[in-house]
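Start from chain V and add chain R according to the hints.
Number of protein chains: 2
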Amino acid sequence: MGHWAERNIIEAIAGRQRRTPSDLIQGIGDDCAVVRKAGGLVDLWTTDALVEGVHFDPAWHPPYLLGRKAANVNISDIGAMGGRPRFALLALGLSGTTSDDFAGKLMDGFLAALVEHDMVLIGGDTVYSGERLMLSVTVCGEMAENEVCYRSGAQVGDLIWVSGFLGNAACGLELYRCGKDKEDRYSSLYCAHLDPQPQVRLGRLLAARGGVHAMMDISDGLATDLAHICKASGVGAVIVADDVPLADEFLHAAAMLRIPPVQLALQGGEDYQLVFTAPESSSQSIRIIAREAGASAICLGRIVAGQSVLLYQNGKSQDITFQGYEHRF
Amino acid sequence: MGHWAERNIIEAIAGRQRRTPSDLIQGIGDDCAVVRKAGGLVDLWTTDALVEGVHFDPAWHPPYLLGRKAANVNISDIGAMGGRPRFALLALGLSGTTSDDFAGKLMDGFLAALVEHDMVLIGGDTVYSGERLMLSVTVCGEMAENEVCYRSGAQVGDLIWVSGFLGNAACGLELYRCGKDKEDRYSSLYCAHLDPQPQVRLGRLLAARGGVHAMMDISDGLATDLAHICKASGVGAVIVADDVPLADEFLHAAAMLRIPPVQLALQGGEDYQLVFTAPESSSQSIRIIAREAGASAICLGRIVAGQSVLLYQNGKSQDITFQGYEHRF
Numbered sequence: 001m002g003h004w005a006e007r008n009i010i011e012a013i014a015g016r017q018r019r020t021p022s023d024l025i026q027g028i029g030d031d032c033a034v035v036r037k038a039g040g041l042v043d044l045w046t047t048d049a050l051v052e053g054v055h056f057d058p059a060w061h062p063p064y065l066l067g068r069k070a071a072n073v074n075i076s077d078i079g080a081m082g083g084r085p086r087f088a089l090l091a092l093g094l095s096g097t098t099s100d101d102f103a104g105k106l107m108d109g110f111l112a113a114l115v116e117h118d119m120v121l122i123g124g125d126t127v128y129s130g131e132r133l134m135l136s137v138t139v140c141g142e143m144a145e146n147e148v149c150y151r152s153g154a155q156v157g158d159l160i161w162v163s164g165f166l167g168n169a170a171c172g173l174e175l176y177r178c179g180k181d182k183e184d185r186y187s188s189l190y191c192a193h194l195d196p197q198p199q200v201r202l203g204r205l206l207a208a209r210g211g212v213h214a215m216m217d218i219s220d221g222l223a224t225d226l227a228h229i230c231k232a233s234g235v236g237a238v239i240v241a242d243d244v245p246l247a248d249e250f251l252h253a254a255a256m257l258r259i260p261p262v263q264l265a266l267q268g269g270e271d272y273q274l275v276f277t278a279p280e281s282s283s284q285s286i287r288i289i290a291r292e293a294g295a296s297a298i299c300l301g302r303i304v305a306g307q308s309v310l311l312y313q314n315g316k317s318q319d320i321t322f323q324g325y326e327h328r329f
Numbered sequence: 001m002g003h004w005a006e007r008n009i010i011e012a013i014a015g016r017q018r019r020t021p022s023d024l025i026q027g028i029g030d031d032c033a034v035v036r037k038a039g040g041l042v043d044l045w046t047t048d049a050l051v052e053g054v055h056f057d058p059a060w061h062p063p064y065l066l067g068r069k070a071a072n073v074n075i076s077d078i079g080a081m082g083g084r085p086r087f088a089l090l091a092l093g094l095s096g097t098t099s100d101d102f103a104g105k106l107m108d109g110f111l112a113a114l115v116e117h118d119m120v121l122i123g124g125d126t127v128y129s130g131e132r133l134m135l136s137v138t139v140c141g142e143m144a145e146n147e148v149c150y151r152s153g154a155q156v157g158d159l160i161w162v163s164g165f166l167g168n169a170a171c172g173l174e175l176y177r178c179g180k181d182k183e184d185r186y187s188s189l190y191c192a193h194l195d196p197q198p199q200v201r202l203g204r205l206l207a208a209r210g211g212v213h214a215m216m217d218i219s220d221g222l223a224t225d226l227a228h229i230c231k232a233s234g235v236g237a238v239i240v241a242d243d244v245p246l247a248d249e250f251l252h253a254a255a256m257l258r259i260p261p262v263q264l265a266l267q268g269g270e271d272y273q274l275v276f277t278a279p280e281s282s283s284q285s286i287r288i289i290a291r292e293a294g295a296s297a298i299c300l301g302r303i304v305a306g307q308s309v310l311l312y313q314n315g316k317s318q319d320i321t322f323q324g325y326e327h328r329f
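Protein sequence lines correspond, in order, to chains V and R. If you're matching positions, the first sequence starts at 1 in my numbering and goes up one per residue. If you're matching positions, the second sequence starts at 1 in my numbering and goes up one per residue.
This is chain V alone, in the form it adopts within the complex:
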């Protein structure tokens, strides 16, 4: 089955559901589901699976970092709504070749990511999964209902921000695939692929007092993830190529790999940076919050009328709507 067929099968089924309980504020279609509870609070829920040979290669992914990543890509979804992650459940599929040592380090890394975010593992299932190691994670978070940042809130005139360099993870993966995985100068790129850092603190502060209209995390490339925001909000977007934040080592590696850097940065997945939109009047508070969170906030475009994501580069404009891709091995 093709990529989009896969992606849409659950959404298609979810769309056939007629029942919407009054406490279900947001079902499938955002980074997390949102369920109202007492005291002005909501629960956030998200699930993501990682499969050997599809999302990671154990030949180069150290098990400790793989465990961290399985937790952190889910934690990132909580942060992308502005929430505080609290609990995790893990379905762990061990392949016939998974050693006790590998499994132990994997769980050490998974638990370390939870501890770092003051979370608790509350459920699990361990199964034999045949040829491929598999981690399926569900995470629950919590936040104030009136602070939740959805994808659907972007407004014409909003500035578009990201929380850091784009493309590093995709570039790091590409270096591994080409066997160029031993150069110190690219260590930040390898790291971006092996051990992504969810922007939970920044997400929480932005949701609480950043004046942000829409927010999500960048898992499938900005070209696709911003298109999700545009589609949910009924707006378009323009990205200015010269404003896309690119790291020096990324530019060096992209040149060596002969890949156009802006294309790799916007189409490459797994950055787990935040993308968010806000009115110009919020710009100063966004910069203050980013500093407070030890993060970055880079403005690289604007929400416009329409329904496409356009890239403005060298005096020309190009439609890049949903042009991101997930990296498959």
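A portion of the hints provided could be inaccurate.
The list treats identical chains as interchangeable, and a pair is accepted whether it falls inside one copy or across any two copies.
Said to hold, decoys possible - Subject to a maximum C-alpha distance of 20 angstroms in a straight line, what follows is the list of computed EDC-like cross-link-like pairs (lysine to aspartate or glutamate):
1) K180 x D248
2) K182 x D248
3) K182 x E116
4) K105 x E11
5) K105 x D195
6) K105 x D57
7) K37 x E131
Keep in mind that the hints were calculated from the coordinates and are not lab data.
This is chain R only, laid out in the frame that chain V set:
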């Protein structure tokens, strides 16, 4: 890795967690995690994964029933605490040979099970999973905090009850494995394997007013699951072989397969009946509740001092503690 190594890896990690938030009443170690919320209510959480060739064979498992089963084995865990299932999240791994038709029917069955229990699918992730189809499901339920039935409440002197015939699912699977899957007389056995029915209504009524001390669902065979109750409660148990409820078609098939029926009934997994313990004074209310729920309640033993599960058969007693097994293909 061996079966118990697999099973214990998550529990071992969970045991290393030092933090227990005040609202986490029960972490890993029961059918569900239990998290306190407002109004005297708790949330229940559980996760279970099914892997092709390990937990099911698509050659004989119709996709619609497989989808139902993936939902229902999780729903059963909610029922086993006495809860009401509410929400589900699904990580679906599609293999290279999963057809659109198979995937569509699988999702139809999954959704049908949710609708039957008035539940909503609120999250999902669809991935390519290589050689094997895989379904990883997380379910959330809800109930009153003071009605939750844990594994740890069994008391010496309690009677031990089950909610229906044992061994039918294991026998049905055995018939498929032997190619004896076309005989009408065994249809209830095939069904028990393909389309198990979670005892949610019975579980809820028993928890609310059955005077039950401990309860869980039978997924790994009574010999193992009752041993979990005994271990958690610090007690032992005696099962009377003559009182184990066995269906006529089960006895017929077991004789044909030359498998001792009581052994198959107590060791075979996936019945998804409830096992519960209660003082003798509750016996009448339990029988009334079972009738009200359209279910059965069969008393087959007693909780005693000790730490073993003993089977009393033909004047002899035999230790069957943790002697159940999961069926692997």
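Discussion item. Hints numbered earlier in the text: which of these fail when held up against the supplied structure?
Written reply: 3, 7
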